[in-house]
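Protein chains: 2
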Amino acid sequence: MRSLAILDSTLREGEQFIKTFFTLEQRVMIVRLLDRLGVTFIEVPSPVSSPETREAIEAICALNLRSHVVAHVRCVEADVQAALDTGVYGLNLFFGTSNELRSYSHGRKIEQIAHDAVPLIRRIREAGRYVRFSAEDAFRSDLVDLLTVFDAVVDAGVERIGLPDTVGIATPRQVDRLVSLIANRYPNVGIEFHGHNDTGCAIANTISAFEAGADCLDVTVMGIGERNGIASLSGIISQLYIHYPDLLAAYDLTQLVELDQYVADCLNINIPYNMPITAPSAFTHRAGVHTKAVLRNPHAYEILNPTDFGVVRHVDVGSRFTGRYAVG
Amino acid sequence: MRSLAILDSTLREGEQFIKTFFTLEQRVMIVRLLDRLGVTFIEVPSPVSSPETREAIEAICALNLRSHVVAHVRCVEADVQAALDTGVYGLNLFFGTSNELRSYSHGRKIEQIAHDAVPLIRRIREAGRYVRFSAEDAFRSDLVDLLTVFDAVVDAGVERIGLPDTVGIATPRQVDRLVSLIANRYPNVGIEFHGHNDTGCAIANTISAFEAGADCLDVTVMGIGERNGIASLSGIISQLYIHYPDLLAAYDLTQLVELDQYVADCLNINIPYNMPITAPSAFTHRAGVHTKAVLRNPHAYEILNPTDFGVVRHVDVGSRFTGRYAVG
Ligand SMILES: O=C(O)CCC(=O)C(=O)O
Ligand SMILES: O=C(O)CCC(=O)C(=O)O
Ligand SMILES: [Cu+2]
Ligand SMILES: [Cu+2]
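Protein sequence lines correspond, in order, to chains U and R.
Residue numbers for the first sequence follow our numbering, beginning at 1 and rising by one.
Residue numbers for the second sequence follow our numbering, beginning at 1001 and rising by one.
It should be emphasised that the hints constitute simulated quantities derived from the structure, not laboratory data.
Check before you lean on any hint, since a few could be wrong.
Chain U is faced by these chain R residues, among others (derived, beta-carbon under 7 Å) [said to hold, decoys possible]:
#, residue
1, Ser1105
2, Gly1107
3, Ile1110
4, Asn1197
5, Cys1201
6, Gly1223
7, Arg1227
8, His1299
9, Pro1306
Covered by chain U, per the in silico footprint, the following chain R stretches (three or more residues, Cβ under 8 Å) [claimed, not checked]:
#, stretch
10, 1007-1021
11, 1149-1160
12, 1185-1194
The model shown is predicted, which means the values in this text are computed figures rather than measured ones.
Using N, Cα and C, we set each Cβ at its ideal position, and we do this for glycine too.
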């Protein structure tokens, strides 16, 4: 069986969602729930973000979770040092490689990116920590630029390389092609994918990346993040449950609803009705044709078993819709 | 250029969402907005659902919209007759073809399905109306069963056949395979796709269907529907805008936000933060790295131009997150 790591970035990408203002206590509760559920990595912001972030990171590391805590860190010496000074398991480095980000964000040439990243990767490896390097905006990056940077960081000893669809432009087919190419070229490192949802394909793209060879998938609770977010944990779990159930063997799926509900409460929102598994109506059947069949056998209109997630089915036979299509 | 019809089913699939209780006035306003936006088909429930539904259908037909109004009707004689008695442009017939639906929903054998549907299709054609036949739960149906039914209905003169992923189990790859096969076998009829979101891939599956040969895509406003819904209109529009902009030439995209907001108000909910284009934060940038670059050039972290949708960008420089990653 192939291995698959889920990386939850609720405390990093999720904190970039406009409604997120987690307290320390909330951060601790979220990582405890993520750890109980069984995610492999928990991503936290860079400790240089604020003194409060640094304290939260230390508090989270002190919990001695099974999940590995990784800090999301720019390829800047001071930032790397600050992360190494905490108890994190590893560092997730990132650097924009597209023309757009090179022009409007950091202004570096491609050679400069490799030149900046390589010594930092060596230093992190020497410090005995895990290190990943991600090419921000990979899906708008020129392939030669991308490979030039990846060649250098793989050579420097990075353990995983990341392909984020930073602006949410990719299709499942494009993800398949690029991830396959990268997986073939770099067979000795892990591959991570991170998909934004601007065109509504974050979950599909993330699963496509896995099928093409990625071994680490980024998610957040309920998909919260910059703009309209990234792949949701519940979406990826629903996919794995249907198509690759063995990969969920070590997960405690009954934690999922509590986790989504907890974060929704922190944000003062409801779990959106379109969330796989955790939406309040994910297992509610309303049309007469549906309710009639589901009462005979839920499998008629259900592919996920609510019991496996500790939730209950609701068959709406009381509404004005009961009669709809209920005749035949 | 290939042609593409968008079918909006907010008044039918959308009414199966647990929170939906549209008044007649709201239904009329929704179809007016859909018509202004430019969708090809507007799907309404079967007039036998209730006297109130029948009245709503008549009121909608009387508006003389550019959009074609189609009724979603079981393959039952009385239902077909009732629909023909209204002013609808056409009838969207459906019949469950999977073992699950044949066993737990209607109890019919495959031969019986074709036998029931064929005379109804002929009758609708003779009445000079448009007719589509959809194999409910197509993605759990045996291929021989599916083709047996489609062979019969195509032979009977149906103008379009539908492939709904009724339980939300399909992947973009599976959709690609099945739609391609069907498009090759039936080159003279249109092909419709309808994708549920149980595993979070409704939008990706719907676009995959288009790329494989479907010429009619089902959506609802904000993706509302049974359980956790189907592909959202805004999701499909965001995909077309990026990958097939010519197909949107006749659309008035500035109607989209008003439409989503109107339906959200009807349902007494907020537009979910994960909606493409219409989410309140779809064009909000928060992390320091992002805001800095976006202030230089929005293209750095934006692939959709908010102006085209009549909305404005928000750069969040006032929060406690301003400093995050803002250094380099
Ligand atoms: O470091 C990464 O791989 C992802 C960074 C990020 O949030 C993005 O590019 O969208
Ligand atoms: O008639 C159709 O194509 C779709 C019916 C429906 O809502 C479904 O199968 O999910
Ligand atoms: Cu991101
Ligand atoms: Cu449906």
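Against the structure, the hints come out as follows:
{"no.": "1", "hint": "Ser1105", "verdict": "4 Å, holds"}
{"no.": "2", "hint": "Gly1107", "verdict": "10 Å, violated"}
{"no.": "3", "hint": "Ile1110", "verdict": "17 Å, violated"}
{"no.": "4", "hint": "Asn1197", "verdict": "6 Å, holds"}
{"no.": "5", "hint": "Cys1201", "verdict": "4 Å, holds"}
{"no.": "6", "hint": "Gly1223", "verdict": "5 Å, holds"}
{"no.": "7", "hint": "Arg1227", "verdict": "6 Å, holds"}
{"no.": "8", "hint": "His1299", "verdict": "6 Å, holds"}
{"no.": "9", "hint": "Pro1306", "verdict": "11 Å, violated"}
{"no.": "10", "hint": "1007-1021", "verdict": "holds (count 6)"}
{"no.": "11", "hint": "1149-1160", "verdict": "violated (count 0)"}
{"no.": "12", "hint": "1185-1194", "verdict": "violated (count 0)"}
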